[in-house]
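Novice: What follows is the residue order along each chain.
Protein chains: 2
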Amino acid sequence: MNKAARNAAHKGRLYLIPNTLDFGVEGAQVDLRSIIPAQVLEIAARLGHWAAENAKTTRAFLKRVDALAPLAQPLQQLDIQELPRPAKGQQDKPGAASASDARAWLQLLAPALDGHDIGLISEAGLPAIADPGAQLVAAAHAAGIEVIPLSGPSSLLMALAASGLNGQSFAFVGYLPVDAHARSARIKELEAWSLRHQQTQLMIETPYRNAALLDALLTHLKGGTRLSISCGLSLENGWTRSASVADWRGKPQSVPDKVPAVFAILGA
Amino acid sequence: MNKAARNAAHKGRLYLIPNTLDFGVEGAQVDLRSIIPAQVLEIAARLGHWAAENAKTTRAFLKRVDALAPLAQPLQQLDIQELPRPAKGQQDKPGAASASDARAWLQLLAPALDGHDIGLISEAGLPAIADPGAQLVAAAHAAGIEVIPLSGPSSLLMALAASGLNGQSFAFVGYLPVDAHARSARIKELEAWSLRHQQTQLMIETPYRNAALLDALLTHLKGGTRLSISCGLSLENGWTRSASVADWRGKPQSVPDKVPAVFAILGA
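Protein chains in written order, with the numbering used here: chain A, 1 to 268; chain B, 1 to 268.
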């Protein structure tokens, strides 16, 4: 056991529990065994304390876990606390919400300070990535609580792997601006940066705006730039298309508006 | 079935098979069930054709798979082809190797053109990320072969999740220069970029240089910058420490020289 682990030995640990990628997709529940390692399901099944983006969807997830790895306690008895919601407009500014409410984050860690393990889970994929959970992880480090990330799906990295774009240098930049002018400027900025540094740029969009984002990308990117879209990763009808912008323009393909998608570009 | 899938229906598919994170770590074989979903192991077990960074380690991996999900064919009968090695000094320049040998990449896809599924696997984690496999994926897209990424561990994203640093915007920049002067310049450049854009910067190092990289980071970063190191992720003695550079300096902690580590910084 290393030093950090010894210091934390009397405390519970913060486990980062992966979720599926089928969140919000109607009628598309995947088999958990296709997406989460068996022993990760077993760890999830024994945790009595949870920090979650949403308690209701976490209960639904744990019900699916229970069918494969029986929960150590009845679902109703689990302690599931929701993460503080960032103030409107602050979602993309980590630290902004926590500064005003550090106590709320520490409160979520109380079970670990009392010696109980906690699971952190988000709505999809790995927690603390593209969601507010990172602030809980930071609070755990500050409180000397051991953080244990578990293996599971990341739609960002699955999309990157499936894109064939540069996987030796890449960035995830979150959402693009909604305003058309700011959006086109941002697209051109990302394309220029990507070309200059040969760094793949990954972005996401709220599913109902997928088509609008594709439209904006095809309008503002150069024909030679590579564009890859992964849609419904891990789902039965999921697909990845990776081609030049010119090819996308020549053979249009629509992106469904109710399925999560990841967009990746590489300047060429 | 979508249009791309229909067009590719007579061809085999390229499955991106995740590997474990214990590569090269003596005596540290993890249980596959802790790191790879059960159904992904079953897919791996039925594939007869493989494209791999290294045939020998792929056979060793498949032997571990066989113990949990019996292989459809004897190990000796599997067709395991190695990826073309990039010319020395070209490892970080995607496209450089393939331009000189596009035929070699297409050759690897011959089984898929004949209707057989192929598995792509790297030495650790997800293939086509931080390894040469992306060129095979790109060739598959060009040849109209469907690419299917499977869920598994990514040490980069597990490290990011465990860091508590910004998971809404992050970049992976690969290896830093070995030359001391170029390295310190690069560290300062990444720190300035990270501060300005609040973008976490992730990097890796050859394990025997882990200590030298930590040294360089502690020498050249500002005291307020956040530094997170994840060492031996998924392994029994793995750990993540996330603290300010000033804290790292005040309480030094060594990074083992035979265990993979991921380094992450965030300017503050």
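Honestly, the hints are just simulated from the structure, not real lab data. The structure displayed is predicted, hence computed values, not measured ones. Any given hint might turn out to be false.
Dumping the calculated DSS-like pairs for lysine-lysine here, alpha-carbon to alpha-carbon at most 30 Å [stated by the list, open to error]: (1) A:K258 - A:K56; (2) A:K188 - A:K258; (3) B:K11 - B:K63; (4) B:K188 - A:K11; (5) B:K258 - B:K222; (6) B:K258 - B:K188; (7) B:K11 - A:K251; (8) A:K222 - A:K188; (9) A:K188 - B:K188; (10) A:K258 - B:K63; (11) A:K11 - B:K56.
Partner residues are not named here, just some residues of chain B that face chain A (Cβ under 7 Å, in silico) [said to hold, decoys possible]: (12) V25; (13) A28; (14) A38; (15) A45; (16) P84; (17) A130; (18) G144; (19) I145; (20) S151; (21) T240.
Quick reminder that beta carbons are idealized off the backbone N, C-alpha and C, glycines included.
Novice: Take the hints in turn and mark each one as holding or not.
Specialist: Results for each hint:
no.	hint	in the structure
1	A:K258 - A:K56	20 Å, holds
2	A:K188 - A:K258	27 Å, holds
3	B:K11 - B:K63	27 Å, holds
4	B:K188 - A:K11	36 Å, violated
5	B:K258 - B:K222	28 Å, holds
6	B:K258 - B:K188	27 Å, holds
7	B:K11 - A:K251	20 Å, holds
8	A:K222 - A:K188	9 Å, holds
9	A:K188 - B:K188	26 Å, holds
10	A:K258 - B:K63	40 Å, violated
11	A:K11 - B:K56	42 Å, violated
12	V25	15 Å, violated
13	A28	14 Å, violated
14	A38	4 Å, holds
15	A45	14 Å, violated
16	P84	15 Å, violated
17	A130	6 Å, holds
18	G144	11 Å, violated
19	I145	11 Å, violated
20	S151	4 Å, holds
21	T240	5 Å, holds
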